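Novice: According to full-length UniProt numbering, the residues represented by the sequence shown are 1 to 142, in order.
Derived by calculation from the structure, the hints in this document are not laboratory data. This one's a predicted model, so the numbers in the text were calculated from it and none came from an experiment. The reader is advised that the hints may include incorrect statements.
No farther apart than 16 Å at their CA atoms in a straight line, the calculated lysine to aspartate or glutamate pairs in the EDC-like style are these [said to hold, decoys possible]:
| hint | residue 1 | residue 2 |
| --- | --- | --- |
| 1 | Lys83 | Glu99 |
| 2 | Lys83 | Glu93 |
| 3 | Lys72 | Glu15 |
| 4 | Lys72 | Asp108 |
| 5 | Lys83 | Glu25 |
The calculated label-pair distances, taken between Cβ atoms and stated as ranges, are [as the list claims (entries may be wrong)]:
| hint | residue 1 | residue 2 | range |
| --- | --- | --- | --- |
| 6 | Arg111 | Thr64 | 22 to 32 Å |
| 7 | Arg42 | Thr21 | 44 to 54 Å |
| 8 | Asp108 | Arg17 | 33 to 43 Å |
| 9 | Arg111 | Arg42 | 40 to 50 Å |
| 10 | Gly106 | Thr4 | 37 to 47 Å |
| 11 | Arg42 | Arg94 | 15 to 25 Å |
| 12 | Arg42 | Ser14 | 34 to 44 Å |
Idealized CB from N, CA, C, for every residue including glycine.
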Amino acid sequence: MYETYTTVIGTVVSEPRRRETAAGEEVISFRVACNSRRIDKRSQEWIDGPTLYLTVSCWRRLLTGVGLAIAKGRPVIAHGQIKTNEYVSGDGERRADLEMTATAVGLDLSRCVVSYQGTAGPAARAHVAVVEGSAALEESAA
Numbered sequence: 001m002y003e004t005y006t007t008v009i010g011t012v013v014s015e016p017r018r019r020e021t022a023a024g025e026e027v028i029s030f031r032v033a034c035n036s037r038r039i040d041k042r043s044q045e046w047i048d049g050p051t052l053y054l055t056v057s058c059w060r061r062l063l064t065g066v067g068l069a070i071a072k073g074r075p076v077i078a079h080g081q082i083k084t085n086e087y088v089s090g091d092g093e094r095r096a097d098l099e100m101t102a103t104a105v106g107l108d109l110s111r112c113v114v115s116y117q118g119t120a121g122p123a124a125r126a127h128v129a130v131v132e133g134s135a136a137l138e139e140s141a142a
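Using the sequences and the accompanying hints, generate a full structural model.
Specialist: And the structure:
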């Protein structure tokens, strides 16, 4: 009834998983970890707050772009509808997971540098350099 939309900024902590639903629709899902950071007044150092974990599910038009650009360890920004997914685990315990049905997903350009060539599809090439502090990890995605 009341849809809740939000934007999260975090790091992909699982390899994206592409699957087909029973209805024949494709979806790509991955887990994101989001940390708040603050300055400790006593030590004057940055410290991490609690971590928020959520599953991001991408449908329809997002499939191609997410499939090419998103990978474990990459910094992302995701926007979409968020909800609690309640279920019973294999051991019979009731559990809940936070899930986002994304309407937009992108790399966080404050933490990486991306050069893009071509259009979406098999011929597309993206070069991603993920910046962690002073070191950079460079990858090419086909």
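Novice: For each hint, tell me whether it holds in the structure or not.
Specialist: Taking the hints in turn, this is what the structure says about them:
Taking the CA atoms of Lys83 and Glu99, the gap is about 5 Å. The hint holds against a cut of 16 Å. The straight-line distance between the Cα atoms of Lys83 and Glu93 is roughly 20 Å, outside the 16 Å bound, and the hint therefore fails. At roughly 5 Å between alpha-carbon atoms, Lys72 and Glu15 fall within 16 Å of each other, so this suggested pair holds. A C-alpha spacing of about 14 Å is found between Lys72 and Asp108, which places the hinted pair at or below 16 Å, so the restraint holds.
Taking the CA atoms of Lys83 and Glu25, the gap is about 20 Å. The hint is violated against a cut of 16 Å. For the pair Arg111 and Thr64, the beta carbons lie near 23 Å from each other, so the given range of 22 to 32 Å is met. Taking 44 to 54 Å as the suggested C-beta distance range, the pair Arg42 and Thr21 conforms, at roughly 51 Å. For the pair Asp108 and Arg17, the beta carbons lie near 21 Å from each other, so the given range of 33 to 43 Å is not met.
The hinted range of 40 to 50 Å is not satisfied by Arg111 and Arg42, whose Cβ atoms lie roughly 27 Å apart. Take Gly106 and Thr4: their Cβ atoms lie about 20 Å apart, and the range 37 to 47 Å is violated. Remark: the range hint 15 to 25 Å for Arg42 to Arg94 is contradicted by a beta-carbon distance near 40 Å. The hinted window of 34 to 44 Å between Arg42 and Ser14 holds, with their beta carbons roughly 35 Å apart.
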